[in-house]
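The primary structure of each chain is shown beneath.
2 protein chains.
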Amino acid sequence: MSSGKIYMIPIPIAENAIQASIPMEVQKQTTELRYFIVENIKTARRYLRQIDKNFPIDDSTFFILDKRTPPEKFQKYLEVVLDGNNCGVMSEAGCPGVADPGAQIVKLAQEKNIQVIPLVGPSSILLALMASGFDGQQFTFHGYAPYDKKELKSFLNRIASQTKFGTQIFMDTPYRNQKLLDACLENLNDNDLLCVALNINGSDEMIKTQTVKNWKKNHFQFKEKQPAMFLIGR
Amino acid sequence: MSSGKIYMIPIPIAENAIQASIPMEVQKQTTELRYFIVENIKTARRYLRQIDKNFPIDDSTFFILDKRTPPEKFQKYLEVVLDGNNCGVMSEAGCPGVADPGAQIVKLAQEKNIQVIPLVGPSSILLALMASGFDGQQFTFHGYAPYDKKELKSFLNRIASQTKFGTQIFMDTPYRNQKLLDACLENLNDNDLLCVALNINGSDEMIKTQTVKNWKKNHFQFKEKQPAMFLIGR
Numbered sequence: 003m004s005s006g007k008i009y010m011i012p013i014p015i016a017e018n019a020i021q022a023s024i025p026m027e028v029q030k031q032t033t034e035l036r037y038f039i040v041e042n043i044k045t046a047r048r049y050l051r052q053i054d055k056n057f058p059i060d061d062s063t064f065f066i067l068d069k070r071t072p073p074e075k076f077q078k079y080l081e082v083v084l085d086g087n088n089c090g091v092m093s094e095a096g097c098p099g100v101a102d103p104g105a106q107i108v109k110l111a112q113e114k115n116i117q118v119i120p121l122v123g124p125s126s127i128l129l130a131l132m133a134s135g136f137d138g139q140q141f142t143f144h145g146y147a148p149y150d151k152k153e154l155k156s157f158l159n160r161i162a163s164q165t166k167f168g169t170q171i172f173m174d175t176p177y178r179n180q181k182l183l184d185a186c187l188e189n190l191n192d193n194d195l196l197c198v199a200l201n202i203n204g205s206d207e208m209i210k211t212q213t214v215k216n217w218k219k220n221h222f223q224f225k226e227k228q229p230a231m232f233l234i235g236r
Numbered sequence: 003m004s005s006g007k008i009y010m011i012p013i014p015i016a017e018n019a020i021q022a023s024i025p026m027e028v029q030k031q032t033t034e035l036r037y038f039i040v041e042n043i044k045t046a047r048r049y050l051r052q053i054d055k056n057f058p059i060d061d062s063t064f065f066i067l068d069k070r071t072p073p074e075k076f077q078k079y080l081e082v083v084l085d086g087n088n089c090g091v092m093s094e095a096g097c098p099g100v101a102d103p104g105a106q107i108v109k110l111a112q113e114k115n116i117q118v119i120p121l122v123g124p125s126s127i128l129l130a131l132m133a134s135g136f137d138g139q140q141f142t143f144h145g146y147a148p149y150d151k152k153e154l155k156s157f158l159n160r161i162a163s164q165t166k167f168g169t170q171i172f173m174d175t176p177y178r179n180q181k182l183l184d185a186c187l188e189n190l191n192d193n194d195l196l197c198v199a200l201n202i203n204g205s206d207e208m209i210k211t212q213t214v215k216n217w218k219k220n221h222f223q224f225k226e227k228q229p230a231m232f233l234i235g236r
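Respectively, the protein sequence lines represent chains A and B. Per the numbering used here, the very first residue in the first sequence carries number 3; after that it's consecutive. Per the numbering used here, the very first residue in the second sequence carries number 3; after that it's consecutive.
Worth double-checking, as some hints may not be accurate.
[Unchecked claim] Here are a few chain A residues that face chain B, going by a calculated C-beta distance under 7 Å:
no., residue
1, 116
2, 125
3, 144
4, 147
[Stated by the list, open to error] Calculated Cβ distances over 12 Å to all of chain B for the following chain A residues:
no., residue
5, 5
6, 42
7, 44
8, 52
9, 56
10, 63
11, 68
12, 70
13, 74
14, 91
15, 94
16, 156
17, 170
18, 171
19, 191
20, 218
FYI, nobody ran anything at the bench for these hints, they're computed from the structure. C-beta: ideal position from N, C-alpha, C; glycine also.
So here's chain A without its partners, still in its complex pose (with noise of 0.2 Å):
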C-alpha cells in the first residue's frame, strides 16, 4: 500500500474570518480528511464543524501535538500515515510549523519521505509585513522576544541595528505586549521606525508603523488579550 500525505492546515487568526482566510479549496481537504494532528482538540473539533456542520467528528481520530507531546508519539502517529491515510496537522491558529507547533512531525514525515502539502492561509508574519511598509526582500522573524529585562534590551538594540539586512519581527504572549512597546520606546531611538500590527484578521485590525517618537507621543496603550507583530524596519 502507497503510503499516505500530511496536509499542513492553517486555521484563522481571527474570529469570524473562515472565508475571509481559508480559501475554498483548502476547506474542502480539509473535510476530506479522516486523520488530524492537533495542538488543541476541542479547538480542531470546532474548527471542523464550522466548516462542515455535518463534519463525522465521532469517525474520525485525533492526535495531539504540543510541546509536552514526547517525540516517541510522532513515530507513532506517522504509521497511520505510512498505513496510507492522510493526515492533516493543526495547531490553534495560523499556519502549522510557524510559531507553532508542527515542525518537528514533518521533518520526521521527511525523513520518511512521506509528501507533506502546506495548505494557504493565514500568517500574521507575513500579514504584518505585508501592511508594514518595510523592506520584504529579506527579512527574520525572531519569536518571542526575551523575557528578561536585560536581555530584552540588548536583544532590541541587536536587532534595531540589523534593519540594514532586512525587516526585524518578533512578538511576545498577548499579555506581555504592553510591557514589549514600553521596551521598545525606551530603548529605540527616536527615529527608527516600529510598526505594531494588532488583531491581524479582525475586525478591528490595526497596523500602524511610525517613529518611536509618534508612538511615544500617542501613548499608544494594548487592551487585553489582543495578539500582536512588532516590526522594525526601514
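Place chain B on chain A using the hints.
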C-alpha cells in the same frame, strides 16, 4: 471626505490555483475595487477576469508599480486614495510587498496615515517553510542569492553556520536554480539538511528535505522555468 484604504492583494503562485489559494472573501473584496496599483497590467486584468468574468476592466484605473517606477509617481497614486477611493496593490504572483514590489507604496501610505489592509493568500516563503520540517520559530528570508560565484560560496557558508538561529531561506530566478543547487551541493557539508520547494501550489509541487549527501546521490535536475525556494535548516 475621509481617505480610502489600501488593500494588499495576493495573487495565485500556480496555474489553476485560485480556489486553492485565494479565500472567497478576498476575491469578493478584490472585485469591489476600481483602482489598482499593479506590477503588470496584463496579468492583473487577466486575474480580475478570472475571478469575475464580468469585471468592469474599462471602468477601472491601473497604475504601474515596478522596479522602474520613479518614487515621485507613488505620491500621485496615493492622491486617489486620499480622495476617498479604496485601492488594491497586486504583484505578478504571491503577496505584494514580500519578495515583490509594493513595500515602498505602503511605506508612503503609512506616513500619510492611510489604512493598509493585508489580505490572505499564498506566499511561497511561508508554504515552503511549513512543509520543510525546519524550525519555524525563527527564520530569515535572504531574498535572491548572490550571482557572483565567489560571493555565492561565502553566502552559503555563512548562512549554513547560522541554522542555530533559525531556518535560512533564499531563492534565485528560475533559470538559475540548477546553478544554485549545484553551488549548494558543492559548498555545504554532506550532513547539512537542504530543502528545495518547487512549483508550490502547482499540480507538480515537490517539497523535499534531505541531506546534501542524498541530494548528490539523486542527481536532481530542474526543468526549465520552475520557481523554487531553497531552505537550509535543522
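Going down the list of hints, with the structure as the test:
| no. | hint | in the structure |
| --- | --- | --- |
| 1 | 116 | 10 Å, violated |
| 2 | 125 | 5 Å, holds |
| 3 | 144 | 6 Å, holds |
| 4 | 147 | 12 Å, violated |
| 5 | 5 | 14 Å, holds |
| 6 | 42 | 18 Å, holds |
| 7 | 44 | 23 Å, holds |
| 8 | 52 | 14 Å, holds |
| 9 | 56 | 20 Å, holds |
| 10 | 63 | 22 Å, holds |
| 11 | 68 | 14 Å, holds |
| 12 | 70 | 16 Å, holds |
| 13 | 74 | 17 Å, holds |
| 14 | 91 | 9 Å, violated |
| 15 | 94 | 14 Å, holds |
| 16 | 156 | 15 Å, holds |
| 17 | 170 | 10 Å, violated |
| 18 | 171 | 10 Å, violated |
| 19 | 191 | 18 Å, holds |
| 20 | 218 | 17 Å, holds |
The structure is inconsistent with the numbered hints 1, 4, 14, 17 and 18, although it conforms to all the rest.
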